[in-house]
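Engineer: Protein chains in written order, with my numbering: chain Y, 35 to 161; chain S, 35 to 161; chain A, 35 to 161; chain H, 35 to 161; chain V, 35 to 161; chain E, 35 to 161; chain Z, 35 to 161; chain G, 35 to 161; chain D, 35 to 161; chain B, 35 to 161.
FYI, nobody ran anything at the bench for these hints, they're computed from the structure. Watch out, some of these pointers could steer you wrong.
Label-pair restraints from in silico Cβ distances [claimed, not checked]:
#, chain 1, residue 1, chain 2, residue 2, range
1, G, Gly108, Y, Ala38, 24 to 30 angstroms
2, B, Pro51, D, Ser87, 31 to 37 angstroms
3, S, Asn106, A, Lys127, 31 to 37 angstroms
4, B, Ser103, A, Pro71, 31 to 37 angstroms
For every residue, glycine included, the Cβ atom is placed at its ideal position computed from N, Cα and C.
Here are the chains, one letter per residue:
There are 10 protein chains.
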Amino acid sequence: MPDATLLEVFPVPDDAPFVIEHTNEEFTSLCPMTGHPDFGEILLRYQRAPASSGGLCVELKSLKLYSQSFRNEGIFYEAVTNQIRDDLVALMKPAWLQVITTWRGRGGIRSVIRADAGEIPEHYRGR
Amino acid sequence: MPDATLLEVFPVPDDAPFVIEHTNEEFTSLCPMTGHPDFGEILLRYQRAPASSGGLCVELKSLKLYSQSFRNEGIFYEAVTNQIRDDLVALMKPAWLQVITTWRGRGGIRSVIRADAGEIPEHYRGR
Amino acid sequence: MPDATLLEVFPVPDDAPFVIEHTNEEFTSLCPMTGHPDFGEILLRYQRAPASSGGLCVELKSLKLYSQSFRNEGIFYEAVTNQIRDDLVALMKPAWLQVITTWRGRGGIRSVIRADAGEIPEHYRGR
Amino acid sequence: MPDATLLEVFPVPDDAPFVIEHTNEEFTSLCPMTGHPDFGEILLRYQRAPASSGGLCVELKSLKLYSQSFRNEGIFYEAVTNQIRDDLVALMKPAWLQVITTWRGRGGIRSVIRADAGEIPEHYRGR
Amino acid sequence: MPDATLLEVFPVPDDAPFVIEHTNEEFTSLCPMTGHPDFGEILLRYQRAPASSGGLCVELKSLKLYSQSFRNEGIFYEAVTNQIRDDLVALMKPAWLQVITTWRGRGGIRSVIRADAGEIPEHYRGR
Amino acid sequence: MPDATLLEVFPVPDDAPFVIEHTNEEFTSLCPMTGHPDFGEILLRYQRAPASSGGLCVELKSLKLYSQSFRNEGIFYEAVTNQIRDDLVALMKPAWLQVITTWRGRGGIRSVIRADAGEIPEHYRGR
Amino acid sequence: MPDATLLEVFPVPDDAPFVIEHTNEEFTSLCPMTGHPDFGEILLRYQRAPASSGGLCVELKSLKLYSQSFRNEGIFYEAVTNQIRDDLVALMKPAWLQVITTWRGRGGIRSVIRADAGEIPEHYRGR
Amino acid sequence: MPDATLLEVFPVPDDAPFVIEHTNEEFTSLCPMTGHPDFGEILLRYQRAPASSGGLCVELKSLKLYSQSFRNEGIFYEAVTNQIRDDLVALMKPAWLQVITTWRGRGGIRSVIRADAGEIPEHYRGR
Amino acid sequence: MPDATLLEVFPVPDDAPFVIEHTNEEFTSLCPMTGHPDFGEILLRYQRAPASSGGLCVELKSLKLYSQSFRNEGIFYEAVTNQIRDDLVALMKPAWLQVITTWRGRGGIRSVIRADAGEIPEHYRGR
Amino acid sequence: MPDATLLEVFPVPDDAPFVIEHTNEEFTSLCPMTGHPDFGEILLRYQRAPASSGGLCVELKSLKLYSQSFRNEGIFYEAVTNQIRDDLVALMKPAWLQVITTWRGRGGIRSVIRADAGEIPEHYRGR
């Protein structure tokens with residue numbers, strides 16, 4: 035079952051801006067309607083808050099374990115996307131954050147879901 | 035015969051914005067002039083209304099069954115495109131919605147039809 | 035001889051906007067100077083008028099037959115492009131319309147001709 | 035010797051705008067320094083003046099013969115580019131015109147020369 | 035251990051602007067959590083200060099030795115990226131500077147980190 | 035030794051604007067630190083001054099000989115780039131000029147250096 | 035329902051050998067287990083018997099109509115492949131014949147079925 | 035747990051030879067050493083026995099369910115490959131059979147395992 | 035220091051033949067002449083001995099740790115390749131084994147080294 | 035006019051076999067029927083005779099000048115190909131020699147001509 039307590043953070047050392055992207059090519063969960071497995075790719079992109087505001091980054095191994103906790107969960111694509119956004123926003127309180135999930139498809143239909151939090155810079159919109 | 039009653043929805047949990055794309059690579063209907071089969075790809079892209087406005091998403095398996103209901107229908111490309119847009123707008127009342135259909139062609143002519151509802155964000159126009 | 039009477043239309047059901055592209059990869063006419071065949075690709079892109087203004091779409095099979103009526107006509111590239119634009123504007127009175135013809139070339143010279151009617155949206159110009 | 039008298043024109047039938055591109059992949063002239071042959075590609079792109087201003091188009095076969103008249107001329111890349119622009123502007127008095135020449139190179143140096151006349155639309159600059 | 039004293043500079047001769055990119059495809063460090071090696075590519079892009087402000091460039095071989103000093107260091111991706119930015123900003127005091135690190139991934143997750151200093155020109159953002 | 039006296043010019047015939055690109059794929063110099071050869075590609079792009087201001091173009095064969103004069107010179111990438119810019123600006127006094135050098139790399143580090151003179155048009159920046 | 039009586043033939047004029055390939059990219063039938071549509075590509079490759087043995091070729095439009103007769107048939111991939119092979123062997127009695135069907139897949143599994151009749155030449159095996 | 039009883043067969047109608055390939059792009063199991071998920075692609079290729087010898091084919095949906103039964107099994111790549119080969123050989127007694135598994139990799143190491151049963155035709159070996 | 039004691043094996047269950055490939059894209063060692071890092075890709079391909087002869091497979095995580103033990107070793111490309119072959123042959127006594135190492139190169143020279151043990155099947159030679 | 039006296043040779047130092055290819059991408063001659071220019075690529079491939087038989091190689095700059103001597107010659111593709119073969123066989127008396135000419139085409143027809151002298155090795159035939 036998706037378990038946000040698996041997520042760990044580490045503080046950022048200073049206020050200089052930077053943007054982080056993590057792309058998980060090995061995500062799988064279950065379709066809540068049929069029980070069959072879904073396979074997707076999860077792109078997480080965010081700018082963490084500055085150190086002076088208590089800025090935090092998600093630790094990579096904990097992100098992997100958190101992702102694996104969806105493995106046997108029956109859950110819609112949209113709910114996966116929203117939950118990852120919400121859990122990470124709650125965890126890190128970033129300046130802004132995007133989650134883009136791309137699914138291999140079932141019954142001939144491929145899907146992409148994009149969820150945002152905060153003001154996404156112009157050059158990252160729709161990408 | 036195209037049957038919008040096959041479509042099912044599920045409510046969205048909150049108001050955070052997200053954009054959904056479903057691409058059906060296996061659409062087929064019949065040419066109303068000749069009875070020969072047409073083959074196309076249907077891209078549906080939309081931003082659902084926020085939860086506080088009763089926002090809804092179309093369920094994926096129901097979208098597949100709805101798409102299959104065009105299989106033996108004699109219908110123009112433009113009418114396919116418009117009907118899918120109209121049925122889904124009536125169903126979900128989204129913030130905005132695009133339907134882009136791409137057809138393999140007959141007699142050497144390939145076609146693309148783009149139908150919109152609401153205000154499409156700049157970075158999705160003509161794409 | 036190019037014959038616009040071959041073109042047929044069908045009415046559009048409502049006022050919701052959509053953009054249509056037809057690409058004919060199998061166009062041929064004759065060079066008016068030498069009598070040799072020219073081979074080209076014809077891209078037609080338009081937004082039809084809304085139903086409330088009597089909006090019409092060109093029917094695809096009739097477009098194919100119309101295109102074939104140029105087969106034994108001696109006619110310049112520019113004239114082909116203009117005539118198709120003019121015949122289709124007269125037929126459909128669309129909101130806007132583009133005709134882009136791409137020619138395989140003669141004597142080592144390839145050509146592209148772009149003809150417009152009405153105000154082409156920014157994201158379609160030069161494409 | 036480059037001979038602009040080879041160029042022929044034909045009048046345009048109306049005022050509707052269109053843009054014409056001719057790409058000659060088989061251009062050759064001689065280096066004025068060494069006498070060795072140069073090989074290049076010539077892109078001519080222009081919007082002719084409207085019919086109401088006496089708009090003209092260059093005829094394609096005459097353009098080919100004109101291009102061939104450079105075959106045994108010792109002439110710099112820049113001069114080829116400028117002369118073609120000037121001859122065609124004098125001939126057609128177009129709304130605007132670009133000549134872009136791309137040269138296969140000598141001694142390991144490839145070259146591209148862009149010459150303009152009139153106001154080039156934004157979406158054609160640097161292309 | 036990362037050693038900024040390995041970095042050497044040379045003065046720039048004048049004030050004319052230029053932008054420098056160095057891409058190191060052979061970066062490796064260690065994961066601070068597991069001790070396993072990480073492999074990445076480091077893009078450094080900057081505009082040095084003008085000579086009249088004491089502008090400096092980093093010397094390439096010293097940059098390579100500095101990069102190699104991370105080889106046996108246990109350090110997070112984000113910290114690598116920030117430390118390289120901070121060390122080079124302290125060294126060169128450039129007009130602006132970007133460090134973009136791209137990591138091959140662990141546990142199926144690939145990462146990209148972008149850190150900036152100063153005002154990045156529009157045409158380099160998000161690239 | 036780099037020898038700008040090898041460069042020759044020829045006058046431009048008129049004031050019509052044009053942009054020239056020369057790409058030398060066969061540039062080599064020596065690393066001033068190690069004495070090992072460096073291999074690079076040199077892109078020179080400029081708009082020459084109009085004829086009415088004494089506009090000049092660099093002659094191609096002289097550019098090749100000038101490029102070859104760096105062959106046994108120990109010189110940094112940045113210095114190559116700046117020297118070519120400065121020598122050509124002094125020679126031609128162009129409206130604007132870019133030199134972009136791309137280096138195959140040493141020790142796993144590839145480099146690109148961009149040097150400008152004058153106001154570069156928007157559509158050539160960062161390209 | 036698959037209907038081999040739709041197939042028509044024409045006689046071959048002489049005994050010189052030749053090999054024919056027809057690739058139908060628009061084949062669809064139904065899954066006999068679930069009723070859901072299957073989409074595939076059918077490659078037919080054969081060498082017809084010589085004219086002196088009554089050699090025959092399948093007529094192309096009749097092959098298209100025959101293919102369309104599978105549209106609403108519930109039938110396994112293997113049975114589609116075998117039936118096409120058997121119907122065409124019975125119709126044409128070719129020297130040899132291959133049917134290779136490639137299916138877009140269901141539930142993440144793509145399939146290719148190869149059925150042969152007669153002695154397939156070495157250079158067509160497994161292709 | 036891998037469950038061969040999920041597999042179903044159907045009889046083949048005749049003795050004409052054919053070769054079947056099923057490629058499952060969505061296979062996942064668990065590493066028996068670490069418990070972390072593995073992701074792979076399974077290619078099954080076989081020639082079934084002729085009908086006169088009781089030839090059988092594996093039914094596609096049952097193959098999918100069987101593949102899914104490895105989802106939460108801790109098992110080596112080699113054991114996955116061998117078990118699939120052994121289960122399918124026991125089920126179908128084919129003329130020959132190949133299983134080729136391709137794994138996305140862990141710790142930077144990608145793997146391919148090829149297991150055979152019977153005499154593989156020359157043109158399928160090592161492919 | 036390269037440490038073959040890190041390697042672990044597991045027994046194979048039966049005698050059915052199979053071929054295993056492991057590709058490590060993240061190999062690094064040090065140049066014994068200069069001390070600078072080398073980066074390469076290691077392909078290991080082998081057929082293990084049958085179970086009846088005590089056939090063994092190398093365990094993947096142990097192979098990764100063994101590969102990492104070269105990280106700070108000064109060693110030639112050829113010696114890396116030979117040592118990996120010899121250590122794995124001694125460990126597993128396979129039917130045959132190939133090690134192919136591909137190196138990113140230094141000073142502009144890329145290298146590939148192929149080492150064999152036993153009789154390599156025809157279709158794997160030179161690949 | 036094609037002038038074989040432009041060709042120069044140099045002797046080979048020993049008897050060890052080697053095969054030489056020269057590819058001229060910038061060949062042009064004239065069509066003898068229309069006077070229009072033809073553009074082609076000339077591949078010359080040969081094994082020179084051993085030194086002990088007076089083996090000779092064609093000098094590269096002389097080959098270029100010889101190629102340029104066809105520039106204003108009216109000559110068929112086939113005659114170009116044959117003459118180059120005959121002139122070079124007479125000049126060098128090689129063990130074997132191929133001339134393969136590839137022409138950009140006129141009126142939509144591209145052409146390739148292959149002319150041989152001596153016994154061409156199996157692996158160069160038809161390439």
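Engineer: Evaluate each hint against the coordinates.
Structural biologist: The hints, checked one at a time:
| no. | hint | in the structure |
| --- | --- | --- |
| 1 | Gly108(G) x Ala38(Y): 24 to 30 angstroms | holds, 26 angstroms |
| 2 | Pro51(B) x Ser87(D): 31 to 37 angstroms | violated, 45 angstroms |
| 3 | Asn106(S) x Lys127(A): 31 to 37 angstroms | holds, 34 angstroms |
| 4 | Ser103(B) x Pro71(A): 31 to 37 angstroms | holds, 35 angstroms |
Hint 2 alone, counting from the list given before, is not met by this structure.
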